[in-house]
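**Q** Assemble chain B onto chain A, guided by the hints.
Respectively, the protein sequence lines represent chains A and B.
If you count by the numbering used here, then the first sequence holds residues 1 to 643, one letter each, in order.
If you count by the numbering used here, then the second sequence holds residues 1 to 266, one letter each, in order.
No lab work stands behind these hints: they were computed from the structure.
All values derive from a computational prediction rather than experimental measurement.
Each hint should be verified, as a subset may be incorrect.
[What the hints assert, rightly or not] With a straight-line cut-off of 20 Å between C-alpha atoms, the simulated SDA-like cross-links for lysine to any residue are: (1) Lys-522/A to Lys-86/B; (2) Lys-89/B to Val-530/A; (3) Lys-24/B to Arg-337/A; (4) Lys-59/B to Lys-15/A; (5) Lys-18/B to Lys-15/A; (6) Lys-121/B to Lys-15/A; (7) Lys-15/A to Glu-110/A; (8) Lys-24/B to Pro-338/A; (9) Lys-349/A to Lys-43/B; (10) Lys-43/B to Pro-336/A; (11) Lys-310/A to Arg-157/B; (12) Lys-59/B to Val-530/A; (13) Lys-86/B to Lys-15/A; (14) Lys-86/B to Pro-339/A; (15) Lys-529/A to Lys-43/B; (16) Lys-519/A to Lys-18/B; (17) Lys-522/A to Gln-85/B; (18) Lys-59/B to Gln-343/A; (19) Lys-121/B to Arg-520/A; (20) Lys-519/A to Glu-83/B.
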Amino acid sequence: MKVISIEALNRIKEKGLKKLFPDKLRIAVGFATCGIAAGGDKIFAEFEKIIEERGMQVYFTQVGCIGYCKEEPLVNVTLHGKPLVIFNQVNKEDVPKIIDGLLKDEILGEKAFCKIEKWDHVTGGEIFYGEGFSHITNYTEIPYFKHQKKIVLRNAGLINPEDIEEYVAVGGYFSLFKAVRELTPEEVINEVKQSGLRGRGGAGFPTGLKWELTKKEKSEVKYVICNADEGDPGAYMNRNEMESDPHMIIEGMTIGGYSIGATKGYIYVRAEYPLAIKRLKKAISDAKKYGFLGKNIFGTEFSFDISLVKGAGAFVCGEETALIASIEGRLGMPSPRPPFPSQEGLWGKPTNINNVETWSNIPVIIKKGSSWFSKIGAEKNSGTKVFSLVGKVKNIGLVEVSLGTPLRKIVYDIGGGGTKGKSIKAVQTGGPSGGCIPTRLFDTPVDYEHLKEIGSIMGSGGIVVMDEDTCMVNIAKYFTEFTQHESCGKCVPCREGLKEASQILSAITEGKGEEDNIKRLKEIGETIKVTSLCGLGQTAPNPVLTTIRYFENEYEDHIIRKECKAKVCKNLINFYIIPEKCVGCMACSEKCPVGAINGEVKLVHTIDQEKCIKCGTCEAVCPLEAIIRVSKQSKNISKTYSG
Amino acid sequence: MGELVKIKINNNIYEAEKGEPVLKVAKREGIDIPSLCYHETLKPQGACRLCLVEVIEGKPRGITTSCTLLSVNGLEVMTDTPEVQKHRKIILEFYLAQAPGSQEIKRLAEKYGVTEVKPSKEIDPNDPLGGKCILCGLCVRVCDEIMGVNAISYIGRGNYTKINTPYFEKSEVCIGCKACADVCPTSAIQIEDINDKRVMKSWSKTEARLKRCERCGKYFAPNLLIKHTCKIYDELDKEVKNLCPDCRRKVLSKKVFISKKRIIIK
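Looking at chain A on its own, in the form it has when it is part of the complex (with noise of 0.2 Å):
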């Protein structure tokens, strides 16, 4: 079932356009990772059961997310010429009322979340789902949706990740053709260069340089390799790209290796994503029976096939060199480039790397044009960038926005603020090595250029938010826990540096820092910084370089005055119940896992400073929030409620 012309390829997206669009109902639950970790195979295995018991006739299937992880379990449902309608955390019991509804071909208010009456897939143009469902708020009005940009999402959360038809529907494929069919290589890489795209995997080297570096090295064989071995914490654009829309990735790179002269792409996915690599894994199989990879694609005299490899957890093999190496088998350690990948890569080949979200946009770039893409985006910056934001923000999940887009908007006007009434201190963006940016910079637009200028990076798009509860000596503390934890070991400042940075951020928070600590870790965080060998290194230093620049009195406050504001840091604090607050529930003193809280039932209680180990546990289940952290140092309140 090779697919060679436009008819034919027309003839699948017919195909997929009526599992989209079907003449009966069509119900689909978000699966992905999120979705499942938020119930989702509990909410599908019970439509399933429903839609059986019932013998209803529905087009009864799955979709990636949508990136609202807060919101999920997701589940869309299209009633005939209808719009397709959100309905947002679903739980079972939802589930058989949501039916009941549909049958009566209406849709449950309280529960619908939004509807979608028209999507622009991008690749595939606007897409009409249906009108009508006035009571239903369309998503444009939703917040978290009305300021994004999806361009790289185009599809995600709609679309069945492991149907290639439905890919095929929203435009997929379609600008493979083009590229092979109607373009040299010459001219796909000459779009790529005018669109402005940059790697989006963090250091922002043009794309279309990278190809052309690569395409103009003399070689028999080339590699393409995808870079997908997301490691930050709290990130996870690229998982949800892979598990979403799989075949944008696999078209992007087929599109590269044909500009380049490869024949033989990878893809380098973490061990720790399985359905990612269940879903590339049955995405590349099925674009090999279509025949948009394999021998002579479309009919032309380009093959190109695509394997998988999987990434054993290091960190550091994100870095492309120690990618190469690790694919190679060998040990995952960076080497000095030069060589670069695009003259000695894989095997000693020209080699060109790029990240998920880079080859997610090659097919858009290919059917827009290069001059649609471009003026997306900020100056030197075109393009969406998808980030994850994460922490102490309302919203939480992945957000596509035009790059040049002020954080504030991003935390405020898309993330809905903090939590819980508590005022937002500071973001971190681009993962364990990202700096931390206080709100007063918060209008600083979010492009490569100018969170370089403040002392971050974009690093893949990770942003966590902090609020008053963020201790900032504990963050860094943590950050640079895990690069020295994820460092490779080859290059002493890295590996030393970082151990002792690491060590001096411990001590400080067990209140046993000494004046000269911020000093030290200025001057050994600038050398890590300047001599390190690869990024992993250069960029390691960048959290606590970040915090003492921007929020030094919290250091002062622990080394000095041995004190911890945010009221985070174990050494530096009691917990205390308030005696006028507690009713003597004991639920405090059942949950102490250390049995350090005294009391009677109905009587108040207290807690016995000498055993406890500062878990937090009693806070947390304590119904009347009776029990409070305080400083040790703040005497008036120890001696109030010490009891």
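**A** For chain B alone, kept in the frame of chain A given last:
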């Protein structure tokens, strides 16, 4: 010989082969740049970060390692700027903390101005490398890339990294060539010949049987090493391969005298 280029080191012009590491040029010209992980027979790997220089003209501008900096026309570097001194000092401090047992590190630290030494770490009495290893990786690479044996490797990651035989067990592939100890910049690797055995004390007490000289009866080199060498240099004269170096010299000089030919061993 490749194309010649002119580069400037500390304001003096030197000739270099195009693509030649600046560190190599500096060593040839007697310019002082400290380094620990550089070895002429191996590709520069930029691991020890000690051979820092400041690039004044050319790329990458600023601080970089001279072993990975390749000569091109117009390249201009300085080897002892305040920036270089500052970072080199901190790197040596890191080494002092990591390898408190190494005299070489102490010497370099003193030479390059590390005056204030933090209370140094205790040397772990169980460390088979005596607190001297700086993880430059030369031993691993010479064992792999030059000898083709792969008896030792990195174990673990980051500052938990160690170098030893797999699973800290006696190596079954080590040929006892001692190349690792020869290239080690901090003399961390202990190898000793005891009677008819060579004992790689640092490498999980791996042992290699020694060969006895057919002529004088002295134990001189591991059996496996001789076999390995014969595989590489099959021209090695069969007559002398079982002789110790002393006897070999005697026999060979007699042969040379007779044949008036020189034997060149690469």
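**Q** Hints first: check each against the structure and report whether it holds.
**A** We went through each hint and held it up to the structure:
The straight-line distance between the Cα atoms of Lys-522/A and Lys-86/B is roughly 13 Å, inside the 20 Å bound, and the hint therefore holds. Only pairs whose Cα atoms come within 20 Å are accepted, and Lys-89/B paired with Val-530/A is accepted, the gap being roughly 13 Å. Between the alpha carbons of Lys-24/B and Arg-337/A the distance comes to roughly 18 Å, so the proposed pair stays at or under 20 Å and holds. With a C-alpha separation of about 55 Å, the suggested pairing of Lys-59/B with Lys-15/A is violated against the 20 Å cut-off.
Restraint check: the Cα-Cα separation between Lys-18/B and Lys-15/A comes to about 60 Å, which exceeds 20 Å; the hinted pair is violated. Proximity of Lys-121/B to Lys-15/A is assessed by CA-CA distance (about 70 Å); at most 20 Å being required, the pair is judged violated. Proposed proximity of Lys-15/A and Glu-110/A is contradicted: the alpha carbons are some 34 Å apart, above 20 Å. The hinted pair formed by Lys-24/B and Pro-338/A meets the criterion: a straight-line CA distance of about 17 Å does not exceed 20 Å.
Restraint check: the Cα-Cα separation between Lys-349/A and Lys-43/B comes to about 18 Å, which is no more than 20 Å; the hinted pair holds. Straight-line distance between C-alpha atoms of Lys-43/B and Pro-336/A comes to about 10 Å, which keeps the hinted pair within the 20 Å bound. This hinted pair checks out: Lys-310/A and Arg-157/B have alpha carbons roughly 19 Å apart, not beyond 20 Å. Our distance criterion of 20 Å between C-alpha atoms is met by Lys-59/B and Val-530/A, whose separation comes to about 15 Å.
A hinted pair counts as satisfied when its Cα atoms are at most 20 Å apart, and Lys-86/B with Lys-15/A does not qualify at roughly 67 Å. Proposed proximity of Lys-86/B and Pro-339/A is contradicted: the alpha carbons are some 28 Å apart, above 20 Å. A distance of roughly 24 Å separates the Cα atoms of Lys-529/A and Lys-43/B; the hinted pair therefore is violated under the 20 Å criterion. Our distance criterion of 20 Å between C-alpha atoms is broken by Lys-519/A and Lys-18/B, whose separation comes to about 42 Å.
At roughly 17 Å between alpha-carbon atoms, Lys-522/A and Gln-85/B fall within 20 Å of each other, so this suggested pair holds. With a CA separation close to 17 Å, the supplied pair Lys-59/B and Gln-343/A stays within the 20 Å bound. Of the supplied pair hints, the one linking Lys-121/B and Arg-520/A holds, its CA atoms being roughly 18 Å apart against a limit of 20 Å. For the hint linking Lys-519/A to Glu-83/B, the alpha-carbon distance of about 17 Å falls within 20 Å, and the restraint holds.
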